[in-house]
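Student: For the protein sequence lines, the chains are P and V, in the order given.
As numbered in this note's numbering, residues 1 to 101 make up the first sequence, in order.
As numbered in this note's numbering, residues 1 to 213 make up the second sequence, in order.
Treat the hints as calculated values from the structure; they're not laboratory data.
Careful, some of the hints might be misleading.
[As the list claims (entries may be wrong)] Here are the simulated distance ranges between beta carbons:
#1 P:L68 - V:G180: 40 to 46 angstroms
#2 V:A168 - P:R83: 54 to 60 angstroms
#3 P:G9 - V:L98: 35 to 41 angstroms
#4 P:A20 - V:V139: 20 to 26 angstroms
#5 P:T44 - V:A19: 21 to 27 angstroms
#6 V:E40 - P:A16: 29 to 35 angstroms
#7 V:P39 - P:G5: 26 to 32 angstroms
Quick caveat, the model's predicted, so the values are computed rather than measured.
Every residue gets a Cβ at the ideal spot worked out from N, C-alpha and C, and that includes glycine.
Take a look at the letters that make up each chain.
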Amino acid sequence: MIAAGNKNGLMLAAAAVIIAAPLFLVHGAFEGSDDQGTTAIEQTGYKPWFQPIWTPPSPEIESLLFALQAAFGAGILGYVIGRRHESGRKDKTKTDHHVTR
Amino acid sequence: MHIMEGYLPAPHALGWFIASAPFVVAGSLRLKRIVAERPEAKMTLAASGAFTFVLSALKMPSVTGSCSHPTGTGLGAVLFGPSVMAVLGTIVLLFQALLLAHGGLTTLGANVFSMAIVGPWVSYGLYRLVVKAGLSTAVAVFLAAALGDLSTYATTAVQLALAYPDAATGFWGAMVKFMGIYAVTQIPLAVAEGLLTVVVMNALAARAVEVTR
Chain P
1 MIAAGNKNGL MLAAAAVIIA APLFLVHGAF EGSDDQGTTA IEQTGYKPWF QPIWTPPSPE
61 IESLLFALQA AFGAGILGYV IGRRHESGRK DKTKTDHHVT R
Chain V
1 MHIMEGYLPA PHALGWFIAS APFVVAGSLR LKRIVAERPE AKMTLAASGA FTFVLSALKM
61 PSVTGSCSHP TGTGLGAVLF GPSVMAVLGT IVLLFQALLL AHGGLTTLGA NVFSMAIVGP
121 WVSYGLYRLV VKAGLSTAVA VFLAAALGDL STYATTAVQL ALAYPDAATG FWGAMVKFMG
181 IYAVTQIPLA VAEGLLTVVV MNALAARAVE VTR
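Make the full structure from the sequences, and use the hints.
Tutor: As C-alpha cells, this is what we get:
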C-alpha cells in the first residue's frame, strides 16, 4: 500500500505529465479552444451584436488579470488547507480521513 | 467553454438566461442555509470557490494542438451539492466577463448553464452513483470531476450547434464540428482536473469529513 502523501505526489506528477506532453508530442499553434469556437461561428457569416464593455488593452494586461485570478484562488485555497492541517494537528484525538485510503 | 460576448443570437442568449436563473436562485438559498446552519463550512465553501477560480484561469495545452482550461466545479459539487456551484460558478464567470473580456454578459446565461449547472450536476450525480456502486471515494471524486469538466464543454458544443446549425448537415453536422473544437481538446484536461481534485480533496479532508454528505 502506498502512503497517502506518495499517492498525492504521484497524482500531481501524472497531471503534470498529461498537461506537458502535448507541448512535445504535438505540433500546433496552441490557440484557445474558445477562440477557435468564435472563429467557427464567424465562418457561418455571423456578426456579434454586442461588444465587451471593457477589454484589457494588451495581452500583457490580460495575462496580468488571469494571473491575479489564479493567485487569488490559490492563496485562499492554501490558507484553508493550512488552517485545516493546523487545527488537525492540535486536535490529535480526531483521526485523519484521507480520501485515498 | 466561454461563448464570447455577443456570439449567441439574442433569443438563444435570453433562453439560456431563463434556463439558468432558477438554478442560481435555488443555489443562493441553499448557500444561505448552509452558512446559517453550519458556519464552520464557510472555509470549505471558500476553498471550493477558490479552486474554480484557479483552474478556470489556467489555459493548458492539449493533444489537439490547441489550449483550453479546466473548470474546477466538481470539488464544490461533491462537497456541497450541485446547486451551490451555480452561484460560485456565476461569480467566476462574471469576473471573467467584466475584467477579462472572456465570455460575456449577453452569453452569461449560456456559460452559467454549461459550467455552473450541467458540470456540477453531472459531477454530483456521478459521485453518488460511483459511491453507491461500492467504489472508493477517490475513484468517485476523480470520475465526478473529470466527467463534470467534460460535460461542461460538451454542453457548450450543443449550445453552439443549436444556435449555428450547419447549412448542409444541420444540427448534427455542427455538433460534430463544435465537439471537435471543445470536447476532444478537453479530454486530457479533464483527466488532469480529476487527479487535481482528488489531491485537493485529500488535503482538505484532513478535517473536512463534516462537510461531505
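Student: P:G9 and V:L98, beta-carbon distance inside 35 to 41 angstroms?
Tutor: 38 angstroms, holds
Student: Using the Cβ atoms, figure out if V:P39 sits within 26 to 32 angstroms of P:G5.
Tutor: Since the Cβ atoms of V:P39 and P:G5 sit about 31 angstroms apart, the hinted range of 26 to 32 angstroms holds.
Student: Lying within 40 to 46 angstroms: is that true of the beta-carbon distance P:L68 to V:G180?
Tutor: 32 angstroms, violated
Student: Taking 29 to 35 angstroms as the stated bounds, is the beta-carbon spacing between V:E40 and P:A16 within them?
Tutor: 33 angstroms, holds
Student: At the C-beta level, are P:A20 and V:V139 separated by a distance inside 20 to 26 angstroms?
Tutor: Holds: the Cβ-Cβ distance is about 25 angstroms, inside 20 to 26 angstroms.
Student: Taking the beta carbons of V:A168 and P:R83, is their distance inside 54 to 60 angstroms?
Tutor: At 58 angstroms between Cβs, range holds.
Student: Could you tell me whether the CB distance from P:T44 to V:A19 stays inside 21 to 27 angstroms?
Tutor: 23 angstroms Cβ-Cβ, so the 21 to 27 angstroms window holds.
Hint violations for this structure: number 1 only, all remaining hints satisfied.
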